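**Student:** Each chain, written out:
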Amino acid sequence: MNQPLSDAVELPTTRPSGCPFDPPTELAALRPLVRMNFPDGHRGWLATGYATVRAVFADPRFSVRYELGHSPLADVGPMPPAPPGDMLGVDAPEHTRYRKLLAGKFTVRRMAKLTERIEAITADHLDTMARTGGPVDLIDAFAFPVPALTVCELLGVPAADRDTFRQYVAVVNDMNATTAERTAAYIAGEGYLRKLVATKRAEPTDDMLSDLTDTDLDDDELAGVGTLLLGAGLDTSANMIALGTFALLTHPDQLAELRARPELTDQTIEELMRYLSIVHTSSRTALTDVELDGQLIKAGETVALSVQAANRDPAKFDEPDIFDIRRSAVGHVGFGHGVHQCLGQQLARVEMRIALPALVNRFPTLRLAVPAADIPLRHDMDIYGVHRLPVTW
Amino acid sequence: MKIIVDRHRCIGAGMCVLLAPAVFDQDAVDGKVRLLDPAPPPGALASTREAEQVCPSGAISVVADGDS
Ligand code: SF4
Numbered sequence: 004m005n006q007p008l009s010d011a012v013e014l015p016t017t018r019p020s021g022c023p024f025d026p027p028t029e030l031a032a033l034r035p036l037v038r039m040n041f042p043d044g045h046r047g048w049l050a051t052g053y054a055t056v057r058a059v060f061a062d063p064r065f066s067v068r069y070e071l072g073h074s075p076l077a078d079v080g081p082m083p084p085a086p087p088g089d090m091l092g093v094d095a096p097e098h099t100r101y102r103k104l105l106a107g108k109f110t111v112r113r114m115a116k117l118t119e120r121i122e123a124i125t126a127d128h129l130d131t132m133a134r135t136g137g138p139v140d141l142i143d144a145f146a147f148p149v150p151a152l153t154v155c156e157l158l159g160v161p162a163a164d165r166d167t168f169r170q171y172v173a174v175v176n177d178m179n180a181t182t183a184e185r186t187a188a189y190i191a192g193e194g195y196l197r198k199l200v201a202t203k204r205a206e207p208t209d210d211m212l213s214d215l216t217d218t219d220l221d222d223d224e225l226a227g228v229g230t231l232l233l234g235a236g237l238d239t240s241a242n243m244i245a246l247g248t249f250a251l252l253t254h255p256d257q258l259a260e261l262r263a264r265p266e267l268t269d270q271t272i273e274e275l276m277r278y279l280s281i282v283h284t285s286s287r288t289a290l291t292d293v294e295l296d297g298q299l300i301k302a303g304e305t306v307a308l309s310v311q312a313a314n315r316d317p318a319k320f321d322e323p324d325i326f327d328i329r330r331s332a333v334g335h336v337g338f339g340h341g342v343h344q345c346l347g348q349q350l351a352r353v354e355m356r357i358a359l360p361a362l363v364n365r366f367p368t369l370r371l372a373v374p375a376a377d378i379p380l381r382h383d384m385d386i387y388g389v390h391r392l393p394v395t396w
Numbered sequence: 097m098k099i100i101v102d103r104h105r106c107i108g109a110g111m112c113v114l115l116a117p118a119v120f121d122q123d124a125v126d127g128k129v130r131l132l133d134p135a136p137p138p139g140a141l142a143s144t145r146e147a148e149q150v151c152p153s154g155a156i157s158v159v160a161d162g163d164s
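Protein chains in written order, with the working numbering: chain A, 4 to 396; chain B, 97 to 164.
With the rest of the complex left out, here is chain A (with noise of 0.2 Å):
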């Protein structure tokens, strides 16, 4: 193991108190790119400016393959290959391959069919909260079953089977669990997938799961596929749309003018993206040597990329510590850049701007039900966002 470089840091991962969608303070002092000590003691480097970030992104000379790879955030010592159907761990031409299949299935028009679906699963949810009145914790009565919702029928996931699966995603996400938990959590999931594939392939049904069994993808492969998809789909909006409240709500302004001005939604959504930056670090690593702002990346080092850092770049959006719907956030890299872009992307946008605006309309007096210091906050998850929002009208 490498000694630790004393001109090197650890990545800062402690949020200003009392600011609870600012990144860690020390972040800004580290633009743009700086050596970092990983926490498994490998000498790699931080990124955290805007160009920079999507620069590495952007680059076919990172690689995203785990094994070659260290975690920024946790000691979880050597990681395995990524297993069949894991997109996000492979490079071209494998990652091209998974790609090309998918990506006809998330276009922005096949997506925007699905809005009057939402919109359905929306009202339901809105109109269970009002009879059964608040308090309620958001998450579970309408963050959560929402997009989980959507992805579940949209993949053919049977609504039942949804909180099992979301079980296994927790513990996958957890930084505090080992890596032996989360991989056990992870063949737990696609356990499931690998039985619900079967199924499929013996009797299809008009969803996306049943559709991939007529492609070239083997079962592992489509198991594999499915467990990505589905945990990606539960995690994610789910925390959007909790975080994107509890933002909304303790700025009474921007709430006020989106509720006044409807048309500034899907500008709203997209501030939010840049804002929250829930995904708030990726990596990559080289895979020869590379010279990036005037340093030499050598092959085989990690570069921790601070994707809330770089969407609060001054460089790239000014004032950019201050939350406001009028600007354009258009260029953030909330879901990443390059070919390993979010594949659910459009899906996240068409489920965050009808399930936000639907809410705050619904309830036009919605509050915390708790001061917003006492939000549980997701500090310990790859993830980040609320683990509960309290919220009453």
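Keep in mind the hints are simulated off the structure, nothing from the lab.
Treat the hints with care, since some could be wrong.
[To be verified] Below, a list of computed lysine-lysine pairs in the DSSO-like style, where the Cα atoms sit at most 30 Å apart:
1. 301(A) / 319(A)
2. 103(A) / 116(A)
3. 103(A) / 198(A)
4. 319(A) / 98(B)
5. 108(A) / 98(B)
6. 198(A) / 108(A)
7. 98(B) / 103(A)
Computed from a predicted structure; not experimentally measured.
Given chain A's structure and the hints, the job is docking chain B with the ligand onto it.
**Tutor:** Structure of chain B with the ligand alone, referenced to chain A:
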């Protein structure tokens, strides 16, 4: 203004369709970019340039009139 798209690079993320729906569409089967208007009017320049910049795979090039 002339637009060139590289369908080989495109990953079907759809940013171009969101930004400039009159200029770009996505193929219904493979999700890849389809150029609806290879020479859009000057009014579409800003949104088309934005799509060029934002496209995650660098699949869009805009050649403004006068550029070689
Ligand atoms: S933005 Fe780029 S990658 Fe996305 S669909 Fe358009 S051309 Fe393809």
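**Student:** Which hint numbers doesn't this structure obey?
**Tutor:** none
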